[in-house]
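Undergrad: Sequence:
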Amino acid sequence: MKFTLSWLKDHLATDATLEEIAERLTSIGLEVEGIDDKAGLRPFTIARVLDAKRHPDADKLQILSVDAGPSVNEGKPLQVVCGAPNARAGLVGVLGLPGAYVPGLDVTLGIGKIRGVESFGMMCSERELELSEEHNGIIELPETAPVGTAFADYAGLADPVIEINLTPNRPDATGVSGIARDLAASGLGTLKTPAVARIEGEGECPVALNVESPVCRGFALRLVSGVKNGPSPPLSLLPLSSPPPPSSLSSPFFLLPPPPSLPPPPSLLPLTLPDLSLRHISDTTTHSERTTAFIYTIHKTTPTIQTTQ
Numbered sequence: 001m002k003f004t005l006s007w008l009k010d011h012l013a014t015d016a017t018l019e020e021i022a023e024r025l026t027s028i029g030l031e032v033e034g035i036d037d038k039a040g041l042r043p044f045t046i047a048r049v050l051d052a053k054r055h056p057d058a059d060k061l062q063i064l065s066v067d068a069g070p071s072v073n074e075g076k077p078l079q080v081v082c083g084a085p086n087a088r089a090g091l092v093g094v095l096g097l098p099g100a101y102v103p104g105l106d107v108t109l110g111i112g113k114i115r116g117v118e119s120f121g122m123m124c125s126e127r128e129l130e131l132s133e134e135h136n137g138i139i140e141l142p143e144t145a146p147v148g149t150a151f152a153d154y155a156g157l158a159d160p161v162i163e164i165n166l167t168p169n170r171p172d173a174t175g176v177s178g179i180a181r182d183l184a185a186s187g188l189g190t191l192k193t194p195a196v197a198r199i200e201g202e203g204e205c206p207v208a209l210n211v212e213s214p215v216c217r218g219f220a221l222r223l224v225s226g227v228k229n230g231p232s233p234p235l236s237l238l239p240l241s242s243p244p245p246p247s248s249l250s251s252p253f254f255l256l257p258p259p260p261s262l263p264p265p266p267s268l269l270p271l272t273l274p275d276l277s278l279r280h281i282s283d284t285t286t287h288s289e290r291t292t293a294f295i296y297t298i299h300k301t302t303p304t305i306q307t308t309q
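Everything in the sequence shown is counted per UniProt numbering, starting at 1 for the first residue and increasing by one.
What the hints contain is simulated information worked out from the structure, not anything from laboratory work.
Just so it is clear, the structure is predicted and the values come from calculations on it, not from any experiment.
Treat each hint with caution, since some may be false.
Ranges of calculated distance between the beta carbons of each label pair, as one might list FRET restraints [stated by the list, open to error]:
hint, residue 1, residue 2, range
1, ASP153, SER65, 19 to 27 Å
2, GLY34, VAL227, 46 to 54 Å
3, TYR101, ILE35, 13 to 21 Å
Once the Cα atoms are required to be at most 27 Å apart in a straight line, the calculated DSSO-like pairs of lysine-lysine come out as [what the hints assert, rightly or not]:
hint, residue 1, residue 2
4, LYS113, LYS53
5, LYS228, LYS9
6, LYS76, LYS60
7, LYS192, LYS53
8, LYS53, LYS76
9, LYS60, LYS113
10, LYS76, LYS192
11, LYS9, LYS60
Beta carbons: idealized from backbone N, C-alpha and C, even for Gly.
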């Protein structure tokens with residue numbers, strides 16, 4: 001289980017340091033396996049290649065004129081020697097300035113000469129920054145990426161990533177809010193419980209429902225359509241350094257938490273619905289995350305709904 005420190009603090013108000021949080025997680029049974037803190041990438045800057053021309057003494061090298069923003073070299077372009085095949089004028093990438101440590105190469109950059117031409121930095125690949133194994137070319141960012149901005153801030157990499165080892169008896173910790181709840185219960189901060197906005201259904205619901213039991217104070221079904229399975233945009237995966245999730249959201253039925261006002265439901269509450277074929281389902285109640293959850297099982301004939309703890 002991986003989550004960022006800022007993500008955790010969205011659910012937990014605490015002034016504890018990263019080290020204190022890691023120590024407390026381990027002490028409450030959520031063993032911290034590792035912390036990936038990419039704050040070292042802060043010296044790397046988003047830069048735009050203004051011009052690219054062949055190196056006079058090397059066929060596979062180019063001499064780039066690079067704009068790294070107004071705060072670098074008084075806003076004047078820098079000269080950078082680069083051997084990446086995709087280096088070209090107009091490309092927006094990641095520039096390592098002299099003094100920056102390149103983790104993938106285990107070197108600290110300096111001003112040097114490459115085949116007799118001075119280079120004042122390095123345009124970096126993903127593998128050189130240990131973001132992935134991609135090394136066929138330098139990083140290409142959207143043209144709208146803000147030149148002169150720290151790459152770590154732009155890509156969300158300045159936020160430490162905490163990885164914990166989950167045991168089978170801790171399903172409550174498969175979400176960040178559950179982890180925050182456990183930390184708050186241990187005395188490390190205060191749990192944040194933001195209100196969940198009500199989501200209204202669109203269109204008419206073809207399902208006729210009559211709840212006769214006073215124990216069930218709310219009922220909700222939801223159909224999600226237009227979901228396309230596929231890898232997420234690469235930049236959105238950088239904070240967690242994880243591969244795209246496998247095929248997900250392939251089913252229109254989900255495990256939904258109960259409304260916050262509901263008492264813990266009984267172990268079995270049968271409700272009979274008419275024969276139906278669901279094409280559109282609208283939400284009829286609000287809900288917030290709790291340990292107890294409803295599992296809705298829908299059948300084409302003689303459908304029943306069961307609640308479980």
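Undergrad: If a hint holds in the structure, say so; if it doesn't, say that too.
TA: These are the hints, each one checked on the structure:
no.: 1; hint: ASP153 with SER65: 19 to 27 Å; verdict: holds, 25 Å
no.: 2; hint: GLY34 with VAL227: 46 to 54 Å; verdict: violated, 32 Å
no.: 3; hint: TYR101 with ILE35: 13 to 21 Å; verdict: holds, 18 Å
no.: 4; hint: LYS113 with LYS53; verdict: holds, 16 Å
no.: 5; hint: LYS228 with LYS9; verdict: violated, 30 Å
no.: 6; hint: LYS76 with LYS60; verdict: holds, 26 Å
no.: 7; hint: LYS192 with LYS53; verdict: violated, 55 Å
no.: 8; hint: LYS53 with LYS76; verdict: holds, 18 Å
no.: 9; hint: LYS60 with LYS113; verdict: holds, 16 Å
no.: 10; hint: LYS76 with LYS192; verdict: violated, 47 Å
no.: 11; hint: LYS9 with LYS60; verdict: violated, 47 Å
Against the hints set out earlier in the document, violations occur for numbers 2, 5, 7, 10, 11.
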